[in-house]
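Participant: Okay, here's what each chain looks like letter by letter:
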Amino acid sequence: MVRRLALAALLLLATAVVAPQIRAHEASLGVLEFREVRPGAFIGRWTMEPAIGASRVDLHVPGHCFLRMPQLICGDKGLVGPITITNLGVNMSAVLLKIIPMTGASRSYTITTASPVVSVLAAGTPTLQSWIELAGTYVNYGIDHILLGADHLLFVLGLIWIVRSGWRLAKTITAFTLGHSISLAAAAFGLIGIPERPLNACIALSIVFVAVEIVKQRRGEVGLTARYPWAVAGAFGLVHGIGFASALAGLGLERRLLPGALLFFNVGVEIGQLAFVLLILALMWAHRRLNAVLPRWGDLLPAYAIGSIAMFWFIGRLVRVLGVT
Amino acid sequence: MRQFASRYESVRSVAVKRLLGRVGFATVVLLAAAQTADAHIVASRLGDFYAGALHPLTDLQDGVLWTALGLLAGSLGATHGRWLVLVLPPGLLLGLSVGLSVGSTWIAPLASAAMMVVLGLLVALGLRINVAALCVIALVLAFMRGVVNAGGAGAATDRVLFGAGLAMCGYAFIALITALTIAFRRLDAQPSGTWRDIAIRACGSWITAIGLIAGGFALAS
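Chains as they are written, first to last, in our numbering: chain L, 1 to 325; chain F, 1 to 221.
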């Protein structure tokens with residue numbers, strides 16, 4: 001008992017040392033807004049200035065437009081065509097471009113280091129080209145979100161640790177996918193809405209739950225997750241999906257493009273999740289081949305590590321919910 | 001029984017050929033559809049952890065050297081190979097911290113080329129070295145590559161995350177290559193000296209050749 005407590009304390013200490021360095025969802029983002037003040041003329045404004053400073057952003061607008069911040073003049077053709085930022089990098093990984101026309105809904109585009117050019121679409125029926133651009137943007141965004149979402153990945157890792165392999169794992173991951181797809185769609189269409197801060201605390205708590213279930217399993221007890229892994233994965237998938245939706249909502253999507261963007265974002269999330277699951281399974285296989293397994297005394301180490309990190313996140317997020325800081 | 005075995009072998013060879021054909025076709029399609037690669041920029045988009053994890057994968061020298069080390073460890077068996085999982089990541093972190101403090105340019109490309117030649121020869125000749133020697137080689141290699149990879153971290157890079165990404169990449173790469181080599185050799189099912197051993201030794205000779213070419217380039221420049 002004393003050894004277990006000492007182990008838990010050591011892990012918590014290590015987590016506390018490393019944790020301030022780990023930021024699960026943060027990226028150096030800038031938000032630029034162009035508001036149409038008369039036909040073809042826009043006023044630009046950085047609502048969130050990037051770390052390198054607004055004046056140092058190398059922004060290129062379509063050839064028929066003339067830009068001298070804050071003014072953007074595009075004439076009769078309007079703001080249609082490619083917009084590029086050429087100096088995206090370490091200090092500025094992405095810029096969200098919002099275009100607010102005089103009539104109709106506002107539109108948002110994400111310029112990232114992977115796709116530094118976006119084509120601004122004309123109002124009206126989307127063309128094939130605009131669908132391709134939408135797919136490119138939102139699949140990438142979905143992949144980014146899941147790969148940067150350490151909490152989602154840690155939950156999936158916990159599920160894999162309990163279920164290990166085979167059809168049960170396939171069913172469990174499918175249930176998680178179904179769960180978060182349903183709630184992502186529901187939240188994106190405004191059918192459900194949960195404040196972000198308590199939700200994030202719940203997500204952290206779901207990982208703590210899985211860590212406790214791993215400990216139970218290692219002690220020979222049959223926990224809820226070991227018995228019905230698909231049910232636990234599906235239920236917590238619903239919670240994680242609302243978390244995905246809050247990331248999508250931050251982009252201020254056009255209503256007409258929402259179903260497409262949602263689909264492509266979800267595809268991106270699945271691609272990232274599948275890559276992570278395959279990597280973990282490959283590493284587990286490699287460890288079995290190498291006969292490199294944890295000694296008996298360290299059997300509970302992964303569970304305590306996952307649980308300690310998640311508990312640290314939960315306490316931090318709970319503090320924010322309660323408004324202590 | 002023999003008839004059944006030969007029929008099984010012919011069915012398997014047809015299946016393998018079909019699979020290779022599909023892989024070849026997919027490769028051609030992917031290469032034809034490929035656009036400009038922005039490896040370093042993609043890494044930075046996902047933050048410093050992924051920057052550290054992806055940085056060595058953008059460098060041919062890391063790929064060749066780590067593959068050579070994995071082939072060597074795998075050809076020596078699981079009892080030798082599993083030590084690299086413990087040795088390589090700390091070696092990379094040690095090299096990275098030295099590289100970040102004193103700079104990364106003092107490791108000449110010639111040293112990496114020499115390491116390729118040494119590892120390639122060890123694999124090609126099928127020499128059996130003991131665990132301690134393998135760990136020393138792995139530690140030296142990891143230290144060298146850690147120093148070189150420090151060049152990928154900018155002034156604003158979070159060094160802890162970059163280092164964690166680099167160590168994680170090194171761990172995953174070496175574990176997978178070593179395990180794949182062991183699985184490919186199938187020592188449990190077949191005696192040594194089969195075509196599988198010859199194929200691994202042939203890879204060693206290619207790695208030696210790559211090392212010689214890289215060394216030639218380093219001396220010429």
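It should be emphasised that the hints constitute simulated quantities derived from the structure, not laboratory data.
Where is the CB? At the ideal position from N, CA and C, for every residue including glycine.
Some hints could be false.
What the hints assert, rightly or not - Which chain F residues face chain L? A few, computed with CB under 7 Å, are given here: (1) A78; (2) V85; (3) L127; (4) A179; (5) A183.
Claimed, not checked - Computed Cβ-Cβ distance ranges for the label pairs, DEER-style: (6) L:M48 / F:P90: 20 to 30 Å; (7) L:L274 / F:L57: 16 to 26 Å; (8) L:W285 / F:A202: 17 to 27 Å; (9) L:S165 / F:G126: 29 to 39 Å; (10) F:G151 / L:S106: 37 to 47 Å; (11) F:S97 / L:G63: 43 to 53 Å; (12) L:A282 / F:P90: 44 to 54 Å; (13) F:A218 / L:R296: 41 to 51 Å; (14) F:A220 / L:R45: 47 to 57 Å; (15) L:Y228 / F:I129: 46 to 56 Å; (16) F:S97 / L:R227: 43 to 53 Å.
Participant: Please go over all the hints and tell whether each is borne out by the structure.
Facilitator: How the hints compare with the structure:
no. : hint                        : result
1   : A78                         : 5 Å, holds
2   : V85                         : 5 Å, holds
3   : L127                        : 21 Å, violated
4   : A179                        : 4 Å, holds
5   : A183                        : 6 Å, holds
6   : L:M48 / F:P90: 20 to 30 Å   : 40 Å, violated
7   : L:L274 / F:L57: 16 to 26 Å  : 19 Å, holds
8   : L:W285 / F:A202: 17 to 27 Å : 25 Å, holds
9   : L:S165 / F:G126: 29 to 39 Å : 34 Å, holds
10  : F:G151 / L:S106: 37 to 47 Å : 43 Å, holds
11  : F:S97 / L:G63: 43 to 53 Å   : 49 Å, holds
12  : L:A282 / F:P90: 44 to 54 Å  : 22 Å, violated
13  : F:A218 / L:R296: 41 to 51 Å : 48 Å, holds
14  : F:A220 / L:R45: 47 to 57 Å  : 54 Å, holds
15  : L:Y228 / F:I129: 46 to 56 Å : 50 Å, holds
16  : F:S97 / L:R227: 43 to 53 Å  : 46 Å, holds
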